[in-house]
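Peer 1: As a plain string of letters, each chain reads:
There are 2 protein chains.
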Amino acid sequence: MTNASDIAYRIIRKSIIDGDLVQGEKISEEAMVRLCDVSRTPVRDALRQLSFEGYVLQRKNQGAWVKSWSDEEVKEVYEARARMEGLIVRLVATKISDAGLAKLATNTDDMARVIAHEQDPLALAERFLGLNREFHDQLYEIANNPRLSDLMPALSPPPVVHKTAKNFNRDRVQQSNEDHRALVRAFSKSDANWAESVVKSHIYAAYVSYRDGMPTTVMATPPLE
Amino acid sequence: MTNASDIAYRIIRKSIIDGDLVQGEKISEEAMVRLCDVSRTPVRDALRQLSFEGYVLQRKNQGAWVKSWSDEEVKEVYEARARMEGLIVRLVATKISDAGLAKLATNTDDMARVIAHEQDPLALAERFLGLNREFHDQLYEIANNPRLSDLMPALSPPPVVHKTAKNFNRDRVQQSNEDHRALVRAFSKSDANWAESVVKSHIYAAYVSYRDGMPTTVMATPPLE
DNA sequence: TGACTTAAGTCTGGATGCAAAATATGGCCG
DNA sequence: CGGCCATATTTTGCATCCAGACTTAAGTCA
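Sequence order for the protein chains is A and B. Residue numbering for the first sequence follows the working numbering, beginning at 1 and increasing consecutively. Residue numbering for the second sequence follows the working numbering, beginning at 1001 and increasing consecutively.
Watch out, some of these pointers could steer you wrong.
[What the hints assert, rightly or not] Once the Cα atoms are required to be at most 35 Å apart in a straight line, the calculated DSBU-like pairs of lysine-lysine come out as:
| id | chain 1 | residue 1 | chain 2 | residue 2 |
| --- | --- | --- | --- | --- |
| 1 | B | K1060 | A | K14 |
| 2 | A | K26 | A | K75 |
| 3 | A | K103 | B | K1060 |
| 4 | A | K95 | A | K26 |
| 5 | B | K1014 | A | K95 |
| 6 | B | K1060 | A | K60 |
| 7 | A | K14 | A | K26 |
| 8 | B | K1060 | B | K1189 |
| 9 | B | K1189 | A | K103 |
[Stated by the list, open to error] Just the calculated beta-carbon pair ranges, DEER-fashion:
| id | chain 1 | residue 1 | chain 2 | residue 2 | range |
| --- | --- | --- | --- | --- | --- |
| 10 | A | G19 | B | P1153 | 26 to 34 Å |
| 11 | B | D1137 | A | R211 | 28 to 36 Å |
| 12 | B | R1040 | A | E29 | 16 to 24 Å |
| 13 | B | T1094 | A | D37 | 23 to 31 Å |
What the hints contain is simulated information worked out from the structure, not anything from laboratory work. Even glycine gets a Cβ: it sits at the ideal position worked out from N, Cα and C.
Using the sequences and the hints given, assemble the complete structure.
Peer 2: Next up, the structure:
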């Protein structure tokens, strides 16, 4: 995991998330070579990966730009994510084992403990994001369809990942964990409809939380598409 | 359109779809260099792209293999496709213009003419696939969310593309075009629910047609689970 | 005989040089 | 003075070379 492509990927990705590379800005391969201290080959690999994940827009013979997300795009991708997660949890509801149920339940208990005892808001957000990711990754694993779960990173609007880290407060985290617990109950009853409804609410709530927490930003002019 | 990366991408993709590269087989970069008559750099680009789209599996320092599909995976990916196409046409129903409507209608008329006059079954299949792709590409364009439409290739099970090319007969093509016409009517009424229902039936029918390896005259099929 | 070690061979990941396309610059003509 | 065309520079795309990792196979020892 310490090879050049991953290094370039992580550095460029972090630069975008942190805002060092602003939306709409041209990304020069040569500049990334200097920034990451690797050659152009892994830089190009990283840009391709970031393009797949929606961080970057690439055009043939022209290069790459930091992708701008319109409000409409973010909303639509959230809707797509809700549908795909809905399918995932349907599969989970039919495939989950007792061991899987126990693991998910443990995750929600851990989360509850963190919510109850972690005082620092930043640390709370950090730990929430970690446990939250773990929970959803376990869902993908149980759904047991790599083709679908590999698609999910492409349905996580990049600006969201950034924003949520700062905007999650205790109530929001609490509600999220309640959703997870409802999911576990639905799984324990093998109730796919219930599970799907819960996870869709879960995603829609995340969208609203994102949207309302968004400052009205002035975006750089995106390249013509 | 005629650059080395695309050439390699298309040739390798076609080899997988046509079965020249069988599921589970190791893909040697050097072999692809000889097959595509380009250097290793564009071959590597192509393999990475195909990895995004689920055609090949890549492992660090080990190379690439043709990814195999289980029956379960195919079924689940069809379900995912139905959901995503359902969202796409909802967006179309709210965004389409009169010009867009006319273009789609023209496509269905062309298709009807082909069905009526093309005698050779192979030519019929060819022309159907071309017009069908055109129709769906127009939907993606009208939906106007590149982020979502770029993901659709990853939801096209490779073995299916192959099978349908040989299995589409006149009835199946006819039914498909009726679905398209129903879609256009739904769009003209800006009826997103109608459009979504139609396209889901459309995809489910395609799945059943694939699964049974024979045409189906039934339009409404039960949910996949 | 079988399993482990080790060394040779093969293949992928990364770096660099070169060619072509796109962009930027400057001069010319209207 | 402004728009257009030609040229120069920059940047991307492609090919090739080198190094490191993995695979394979032979050989040795238990």
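Peer 1: Are the hints correct? Go through all of them and say.
Peer 2: Outcome of the hint check:
Restraint check for B/K1060 and A/K14: satisfied, since their Cα atoms lie roughly 22 Å apart, inside the 35 Å limit. Only pairs whose Cα atoms come within 35 Å are accepted, and A/K26 paired with A/K75 is accepted, the gap being roughly 25 Å. Taken as a hint, the A/K103 and B/K1060 pair is honoured in the structure, with Cα atoms around 29 Å apart against an allowance of 35 Å. Under the criterion of a C-alpha separation no larger than 35 Å, the hint pairing A/K95 with A/K26 is inconsistent with the structure, at around 45 Å.
Only pairs whose Cα atoms come within 35 Å are accepted, and B/K1014 paired with A/K95 is accepted, the gap being roughly 34 Å. Between B/K1060 and A/K60 the CA atoms are separated by roughly 26 Å; this keeps the pair inside 35 Å, and the hint holds. For the given pair, A/K14 sits about 16 Å from A/K26 by alpha-carbon distance, which is consistent with the 35 Å threshold. Simply put, B/K1060 and B/K1189 have alpha-carbon atoms about 51 Å apart, too far for the 35 Å limit, and the pair is violated.
For the given pair, B/K1189 sits about 48 Å from A/K103 by alpha-carbon distance, which is inconsistent with the 35 Å threshold. Between A/G19 and B/P1153 the Cβ separation comes to about 32 Å, which falls inside the hinted range of 26 to 34 Å. A hinted range of 28 to 36 Å holds for the C-beta pair B/D1137 and A/R211, which are about 30 Å apart. As the Cβ distance of B/R1040 to A/E29 is approximately 19 Å, the hint placing it in 16 to 24 Å holds.
In this structure, B/T1094 and A/D37 break the distance hint of 23 to 31 Å, their C-beta atoms being roughly 48 Å apart.
Consistency note: the structure conflicts with the earlier hints numbered 4, 8, 9 and 13.
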